[in-house]
Amino acid sequence: MEHPQEKNGRPRIGFYICHCGSNIASMIDVAEVQQYIAALPGVKVSRDYKYMCSDPGQEMIAQDIREHKLERLVVAACSPNLHEETFRKAAVKGGLNAFYFQMVNIREHAAWVHTDRRSATEKTKDLARAAVYRVHFHKALEKRQVPVSPEVLVVGGGIAGIHAALTLANAGKKVTLVEREATIGGHMAMFDKTFPTLDCAACILTPKMSAVKSHPNITLWTYSEVVQVEGYVGNYKVTVKRKPRYIKEDLCVGCMECIDACVFKEPKFSDKFNQGLGKRKPIYIDFPQATPKVVLIDPQTCIQFKTGKCKKTCVESCDREAIDFAQKEEMRELQVGAIVLATGFKTFDAKREPHYGYGRYPGVFTALEIERLVNASGPTAGEVVGRDGKHPRAVGIIHCVGSRDEKTNKWCSRVCCMYSLKLAHLIQEHSGAEVYNFYIDMRAPGKAYEEFYDKLLAEGVHFVRGRVAEVTDWAMTPEEEGRLVLRVEDTLAGFVRRIPVDMVVLSTGLEPQADAQAVRRCFNIGCGSEGFFQERHPKLAPVNTFTDGIFIAGACQAPKDIPDTVAQAGAAAAEALVLIDSGHVELEPNTSYVVEEECSGCKSCVPLCPYTAISFDGEKKKAMINEVLCKGCGVCVAACPSGSIRQNLFDDDEIFSEIEGVMAK
Amino acid sequence: MRYLYFPGCSLKGTGRAYEESLLAVFGALGVELQEIDDWNCCGATAYMSVDETKSYALAGRNLALAEREDLDVIAPCSACYLVLNKTQKGLAEHPELHRKVVKALKAGGLDYKGTVRVRHPLDVLVNDVGLDKIAALIKNPMKGHRFATYYGCQIVRPYATFDDQDDPMTMEKLLKAAGAECVSYPLKTRCCGGSLTGTLPEVGLRLAYILIKEAKKRGAEAIVTVCPLCQFNLDGTQGQIAKKYERVDLPIVYFTQILGLAMGISASELGLTRGIIPAQAVLAGR
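Chains as they are written, first to last, in our numbering: chain F, 1 to 665; chain S, 1 to 286.
Quick caveat, the hints were computed from the structure, so don't treat them as lab data.
One should not assume that every hint holds.
Some residues of chain S that are not near chain F, with every Cβ distance over 12 Å (derived) [to be verified]:
{"#": "1", "residue": "L23"}
{"#": "2", "residue": "K113"}
{"#": "3", "residue": "G130"}
{"#": "4", "residue": "D132"}
{"#": "5", "residue": "P201"}
{"#": "6", "residue": "G236"}
{"#": "7", "residue": "M263"}
Straight-line alpha carbon distances no greater than 25 Å define the calculated DSS-like cross-link-like pairs of lysine-lysine that follow [stated by the list, open to error]:
{"#": "8", "chain 1": "S", "residue 1": "K176", "chain 2": "S", "residue 2": "K213"}
{"#": "9", "chain 1": "F", "residue 1": "K407", "chain 2": "S", "residue 2": "K106"}
{"#": "10", "chain 1": "F", "residue 1": "K237", "chain 2": "F", "residue 2": "K143"}
{"#": "11", "chain 1": "S", "residue 1": "K176", "chain 2": "F", "residue 2": "K351"}
{"#": "12", "chain 1": "S", "residue 1": "K217", "chain 2": "F", "residue 2": "K390"}
{"#": "13", "chain 1": "F", "residue 1": "K407", "chain 2": "S", "residue 2": "K89"}
{"#": "14", "chain 1": "F", "residue 1": "K208", "chain 2": "F", "residue 2": "K447"}
{"#": "15", "chain 1": "F", "residue 1": "K306", "chain 2": "F", "residue 2": "K272"}
{"#": "16", "chain 1": "F", "residue 1": "K351", "chain 2": "S", "residue 2": "K173"}
Calculated from the model, a selection of chain S residues having no Cβ within reach of chain F, i.e. all distances over 10 Å [claimed, not checked]:
{"#": "17", "residue": "A24"}
{"#": "18", "residue": "L207"}
{"#": "19", "residue": "G239"}
{"#": "20", "residue": "E246"}
Here the structure is a predicted model, which is why all the values come from computation and not from measurement.
Just so you know, even glycine gets a beta-carbon here, dropped at the ideal spot from N, CA and C.
This is chain F alone, in the form it adopts within the complex (with noise of 0.2 Å):
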């Protein structure tokens, strides 16, 4: 077998083929592909171990680089995310340079995803010898190091996001904390109480958003987004865009003068934060314990914007003169080191069932109404009446609206069980009503969970297990007459049953935000096929993105309840502390690089730049790559019409060895 043309002599290679205790070693005759590259010119040692990243592993790779006097390592185990950096370390215990090093991915690449033995050994010794011929090529480099700002973003101001921006702050960190609603509180602040301790939702979260207004090392921004990330991890500059709210906030104190004194003397227009089941006015505050507790004018319904001819008798009611009709919407710029996006869910749209008569029939109702409804702060102070007025005699609460169904979302919205017994509990408790629940299956699994649906059954719940078919106004019977029939079958009676209420809960699952998408690409991170936000490992790495710097926490990562939003919320906090107390980051030295002589100055490179590192020398006439800002993409090195961009770690010789050795037998 002949060999590429050596640039740089012939150096020394050691070859080590890792069993990954049985995951490689099944699969993949390790024995055979150690002997096989041994045979190889260059290289030098070539072994086999049980345990390549153990520490008796590493030190064999060490001792050997020391004894053989090698000059260049390949090893071939897992995914270089896994122990790419596992290896470098042995080479530099080694004395090598850590570049001096190839990996090659037997496990997923091969092990895993092959049935037959003699075709998985043969890939792999494909794959190793592409390796053996590259690393030949490969140069001495160095990671660069950059300072890290020790600021945080904190973006989105539910539970998740306040948590957050509180465990930062009392570390001693300076947060900005971004919310593009009025109010930070997100979902929880419109929770009457918690499952399953029942205890009162603003009792324990109103404490924790002032905490936030009033911390010294918090910066608040509500009724703002985040519109442009800039930078990399440790050095992110980010724009956010800070709606007007027509109120001076610094002036501000929360009175409500305003709000009485508008020209509307009764509220009008549909109430956000009560899901429409109240009414404001143009001028108004979400609920009195927003936080910050600044009005914002509404410039859809107030007459002001909308004809410039109102008496303007909140002006005159406001001694501080804080009411700005000519508010404009500002652009301000940060500098951060670490991000947490905490951006939260959103409730599945009831009417994409449409047999379930959301929409179409008053009485049913979406359950996050029904937390507005039961809320002692809510529309009706927390008494349980339906759009018609009235009482009901019986209410029916069906589960798994919109999650756990092929036709909508697949998944398991983890919440709803729990909270649908809730709200079964407040609902009976308020209103003396007849309860019916009706489940797939019910889903208890945490800390006094289970014991909360026991004491539901004691309370006389009922539960009936089926998933119903539709919500229906036709009568069979008079006690049916003039009220929704539920249509359900009954898998432990074992038939079909129909039952009259006055009141229907759809128990709505969650869904990513809207945005999702938009908010993903704007921070350059990953969602799974479901859309919610991707953590970079399902187990391991639960609150860290594959964009460094980037945390998540809370449901837009997957649905959670408090307990597990606030745990994942405390473990981003931890990690963003972690990499700015660490003073730098370690950036790749997969960089690409000018050669200027062949450079002909053409700035092709300069736009298709993703991250904005090319620029021109006028003077020169030549294209410059900022090294700091370079993320290794390849995309200006694929581009350069003369071919004077080069990429380390992908040069030329490098990718077309490996190719070679690919095709080699």
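Let chain F serve as the given structure and place chain S on it in line with the hints.
This is chain S only, laid out in the frame that chain F set:
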């Protein structure tokens, strides 16, 4: 505007009024319907469960005949519409089945590539002809008439090609264009009893009864349907319903009959005298 027309057996027999009114309305709209030459039974829903491959070949022969012309096929009968669509889809998704069916067709001098589109007249009227054109031809609007729109189970399930599966609205749009009102009728895609009316009458009758009495209760003067079997079941069982439950006496008509009336076509041309339950209420005021 020209289409191939697959009447199926119903429209030549019990559903004659459907064919009469359909041809009259399409004629008035200037839409040409060319009956497929030498068409055969679609196999209906029953044959699929007897021998799938043969049933595909049987229905496939109609598709093969249609493919010789470069036109969409209109299949007004719900069963035909479903079976032809299912065959079209089945052949497209299963190459082995397609091969077998083509082999059978070749024995009869035919071939089928798979290019035919099978359409429902509701779909064609609203999406091809357009409501504006239809509204322009309404001479005698059905003012003050209230109907329950009944789609039956087959035209939106399992394939919802032109309307919502649970709450289809195409017929409402047409009837509104004809000046009529539609009552809220959440039973619009429930089963009419289908063939159970013959085989298990106690089950079939109950299903038909629920549909009729609910339509009546909601203030409809007639049920408007798109399906010959639904029309037959709901119209033909009212005598038995009267014996078992209560007297209902509700006319069951085709959407094409109402549309035709509003266009000024005579009741007899539209087959409105053929129903068992007389359609006087529908004809009131004209």
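Okay, the hints, checked on the actual structure:
no., hint, in the structure
1, L23, "34 Å, holds"
2, K113, "32 Å, holds"
3, G130, "26 Å, holds"
4, D132, "27 Å, holds"
5, P201, "19 Å, holds"
6, G236, "22 Å, holds"
7, M263, "31 Å, holds"
8, K176(S) x K213(S), "23 Å, holds"
9, K407(F) x K106(S), "39 Å, violated"
10, K237(F) x K143(F), "22 Å, holds"
11, K176(S) x K351(F), "23 Å, holds"
12, K217(S) x K390(F), "24 Å, holds"
13, K407(F) x K89(S), "20 Å, holds"
14, K208(F) x K447(F), "23 Å, holds"
15, K306(F) x K272(F), "20 Å, holds"
16, K351(F) x K173(S), "20 Å, holds"
17, A24, "34 Å, holds"
18, L207, "12 Å, holds"
19, G239, "22 Å, holds"
20, E246, "13 Å, holds"
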